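**Q** If you want the building blocks of each chain, they are given just below.
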Amino acid sequence: MIATSEPAKDVAATPAIGAAPEPSRVLAVLRALLRHRLGRIGAIGLSLLLFCAAFAPLLAPFDPAEIDYEALLEGPSWHHWFGTDELGRDVLSRVLYGSQTSLQVMALAISGALLIGVTLGIVSGFLRGWFDDVAMRVVDGLLAFPTIILSLAIVAALGPSLTNAIIAIAIVNVPDFARLVRGEVISVRELEYVQAARAIGMTNARILWKHVWPNVRGSVIIYASLKAAAAIITESALSFLGLGVQPPDPTWGSMLSTAMQYSDAWWISIFPGLAIFITVLSLNLLGDGLRDVLDART
Amino acid sequence: MIGFLIRRVLQIVPVAIVMCAVVFTTAFMLPGDPTLTILGENAPAAARAALRAEMGLDRPIPLQFIDWLGRALTGDLGKSFKTGEPVMDMLLTRIPVTLELTILAITLAACIGVPLGIIAALRRNSWVDTLVSILSISSLAMPFFWVGMLLIMLFTLRLGWLPPSGYVPFFEDPLRNLQLMIMPVMTVGMAYAALLMRQTRAAMIEVLLQDYVRTARAKGAAEPRIIIRHALRNALIPVITVIGLQFGGLIGGAVVTETVFALPGLGRMITNAIFERDYMVVQGAILVVVVGVILVNLVTDITYSLLDRRVQL
Chain A
1 MIATSEPAKD
11 VAATPAIGAA
21 PEPSRVLAVL
31 RALLRHRLGR
41 IGAIGLSLLL
51 FCAAFAPLLA
61 PFDPAEIDYE
71 ALLEGPSWHH
81 WFGTDELGRD
91 VLSRVLYGSQ
101 TSLQVMALAI
111 SGALLIGVTL
121 GIVSGFLRGW
131 FDDVAMRVVD
141 GLLAFPTIIL
151 SLAIVAALGP
161 SLTNAIIAIA
171 IVNVPDFARL
181 VRGEVISVRE
191 LEYVQAARAI
201 GMTNARILWK
211 HVWPNVRGSV
221 IIYASLKAAA
231 AIITESALSF
241 LGLGVQPPDP
251 TWGSMLSTAM
261 QYSDAWWISI
271 FPGLAIFITV
281 LSLNLLGDGL
291 RDVLDART
Chain B
1001 MIGFLIRRVL
1011 QIVPVAIVMC
1021 AVVFTTAFML
1031 PGDPTLTILG
1041 ENAPAAARAA
1051 LRAEMGLDRP
1061 IPLQFIDWLG
1071 RALTGDLGKS
1081 FKTGEPVMDM
1091 LLTRIPVTLE
1101 LTILAITLAA
1111 CIGVPLGIIA
1121 ALRRNSWVDT
1131 LVSILSISSL
1141 AMPFFWVGML
1151 LIMLFTLRLG
1161 WLPPSGYVPF
1171 FEDPLRNLQL
1181 MIMPVMTVGM
1191 AYAALLMRQT
1201 RAAMIEVLLQ
1211 DYVRTARAKG
1221 AAEPRIIIRH
1231 ALRNALIPVI
1241 TVIGLQFGGL
1251 IGGAVVTETV
1261 FALPGLGRMI
1271 TNAIFERDYM
1281 VVQGAILVVV
1291 VGVILVNLVT
1301 DITYSLLDRR
1311 VQL
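As you go down the protein sequences, you meet chains A and B in turn.
Each step along the first sequence adds one to the number in the working numbering, with nothing skipped, and position 263 is 263.
Each step along the second sequence adds one to the number in the working numbering, with nothing skipped, and position 286 is 1286.
This is chain A alone, in the form it adopts within the complex (with noise of 0.2 angstroms):
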């Protein structure tokens, strides 16, 4: 999976969420996203993701890591709808469970990058300086690696597991957030207002907080949710590649790695492979959407 960076084009049905007072805004941006088509898909297809992570205990028929060597290799039947696996577990039961690793990664790797990429950028933007000239070497340092070799490292360096595969996710995507951010808050800090806000005396913290913040989120947002997409990927890549969550727990990426000994069996490559096909699509859709509703220069 690759970032995109093209403007939408169902832009017309969409109407371009203006200065709402803020309860009302939030729904306003929800409403517009759910009358755009493609954001609408995206919307959909995020939910029942959200649906079957949390359900999952209550709509999985078997135990994930139930062995059942009277099963193994069964291809989809009434009994076991998706089939079962080279130890006669249940494909479906593991690619429900596999839909909590994934948001649980998305969730808490893209939060830690956002936490750190924004504070850094918002940082780094508004102070400038020598503070602004380090940081961003090293963001440029790190973007200078591809996202799947640095997360390889790092979880080479830390150690195959959940936890780390987070941090490594969440640490290759602060410097894209720190760099958009950075750029966004350059060209807001010499507005007017903002600089009328100085003269008048408000604090550093207030102008970021009450002036900056607000017009640099819909741009957070937006890239957030499509690097939301490219995280369940790099999980899933880890856990193809051995080095993500371990056995015997379900995820989605190691489905796929184990499947790749068992060519003949093709329904443990096709549900879990689809499993992330439609996240990944969604939050692209979501993150299309997004863009349309929340920035008005498409």
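Just to be clear, a hint being listed does not mean it is correct.
[As the list claims (entries may be wrong)] Listed below are several chain B residues computed to face chain A (Cβ distance under 7 angstroms; list not exhaustive):
{"no.": "1", "residue": "L1151"}
{"no.": "2", "residue": "L1157"}
{"no.": "3", "residue": "I1251"}
{"no.": "4", "residue": "G1252"}
{"no.": "5", "residue": "I1274"}
{"no.": "6", "residue": "V1293"}
{"no.": "7", "residue": "I1294"}
{"no.": "8", "residue": "V1296"}
[What the hints assert, rightly or not] Partner residues are not named here, just some residues of chain A that face chain B (Cβ under 7 angstroms, in silico):
{"no.": "9", "residue": "L50"}
{"no.": "10", "residue": "A144"}
{"no.": "11", "residue": "P146"}
{"no.": "12", "residue": "A237"}
{"no.": "13", "residue": "S263"}
{"no.": "14", "residue": "I276"}
[Claimed, not checked] Not close to chain A: a few residues of chain B, all C-beta gaps over 12 angstroms, as computed:
{"no.": "15", "residue": "T1025"}
{"no.": "16", "residue": "M1055"}
{"no.": "17", "residue": "I1226"}
{"no.": "18", "residue": "N1234"}
Derived by calculation from the structure, the hints in this document are not laboratory data.
Bear in mind the structure is a predicted one, so any value in this text is a computation, not a measurement.
Using N, Cα and C, we set each Cβ at its ideal position, and we do this for glycine too.
Since the structure of chain A is already known, use the hints to place chain B on it.
**A** For chain B alone, coordinates are given in the frame of chain A:
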């Protein structure tokens, strides 16, 4: 132009230093003691201490970093703890495989993505445009390794047209080499084709709305001439940039793809070295990848500045 080049090259220096520090630190943090890897789990403490001193591992980390950097600049990336083979020699056998995969993938992506992007832009909001958009957005949502597995299932298991995996050097047997590279190249190339489709479509739509295109039409220029001479030439500038800037992602895709198709490239070298805790190899291979990405970005910037003179200002 020379001023721009000097400025651009100087900008690389701090980035390269940060990047080298990250590579060194990360590989240095790999769990496990390299002396145990070399001497075995039951090696006596004295022998391990002597080896640590011989390898310079008992010196302060900043000194080790400077020493490593100095040697790296002369092409000495150390020796594999596992095999004793110089890392540079190992890299020289692996780089051509990854390079072949990425070059062929870029070529395939450009051959599919650019024409489809142009067609989608010219037939904007038609069924062709919708189809191209669906294809590109779907391709972008598929993980490389899954695409690879699907291709093996289709072309090897179902149709029996292609061998599942393996590698033969191009100069040894060109036909067999290309036959074995078809699926890996399709795996990496399809995602990039999708990206190029989106970029070309967006750039073409923007250019087709420009005043000079309208003027050319008003003057009665033929449509093919307008598209090729006025629109495409300008629309391709950002597309070329995207091809260059996505090189890093392409290498990342190659890492995973090499695992699926058992290609002996840089990606498999890195993952194997990580599992074997062979940190000299990890350091060397990652360094080569990142230096490659920085150089390709530099070449992209220079190409862009040659195509669009405003960049040099």
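**Q** Each hint needs a verdict: does it hold in this structure or not?
**A** Outcome of the hint check:
At a threshold of 7 angstroms, the smallest CB-CB gap from L1151 of chain B to chain A is about 11 angstroms, leaving the interface hint violated. Of the supplied interface hints, the one on L1157 of chain B holds, with its beta-carbon coming within about 6 angstroms of a beta-carbon of chain A, less than 7 angstroms. Because the beta carbon of I1251 of chain B sits about 5 angstroms from the nearest beta carbon in chain A, less than 7 angstroms, this interface hint is met. The interface hint given for G1252 of chain B holds, since its Cβ lies 4 angstroms from the closest Cβ of chain A, which is under the 7 angstroms cut-off.
A least Cβ separation of about 4 angstroms between I1274 of chain B and chain A falls short of the 7 angstroms threshold, and the interface hint therefore holds. Taking 7 angstroms as the C-beta contact cut-off toward chain A, the hint placing V1293 of chain B at the interface holds, the least distance being around 6 angstroms. Taking 7 angstroms as the C-beta cut-off, the interface hint given for I1294 of chain B holds, the closest approach to chain A being about 5 angstroms. The beta carbon of V1296 of chain B comes no nearer than 10 angstroms to any beta carbon in chain A, farther than 7 angstroms, and the hint placing it at the interface is violated.
Here the hint on L50 of chain A is broken, as its CB sits about 18 angstroms from the closest CB of chain B, past 7 angstroms. For A144 of chain A, the interface hint holds, since its Cβ comes within 7 angstroms of a Cβ in chain B; the closest pair sits about 5 angstroms apart. Because the beta carbon of P146 of chain A sits about 4 angstroms from the nearest beta carbon in chain B, less than 7 angstroms, this interface hint is met. For A237 of chain A, the suggested interface contact is upheld, since its CB lies about 5 angstroms from the closest CB of chain B, less than 7 angstroms.
Proximity of S263 of chain A to chain B holds as hinted, the smallest CB-CB distance being about 6 angstroms (cut-off 7 angstroms). Given the 7 angstroms rule on beta carbons, the hint for I276 of chain A holds: about 6 angstroms separates it from the nearest Cβ of chain B. Distance check for T1025 of chain B against chain A: the nearest CB is about 8 angstroms away, which does not clear 12 angstroms, and the non-interface claim fails. Listed as outside the interface, M1055 of chain B is consistent with that label: its C-beta sits roughly 19 angstroms from the nearest C-beta of chain A, beyond the 12 angstroms cut-off.
At roughly 22 angstroms, the least C-beta separation between I1226 of chain B and chain A is larger than 12 angstroms, which holds for a residue marked as non-interface. With a cut of 12 angstroms on Cβ distances, N1234 of chain B stays outside the contact zone with chain A, its closest approach being about 17 angstroms.
Consistency with the previously given hints fails for numbers 1, 8, 9 and 15, ordered from lowest to highest.
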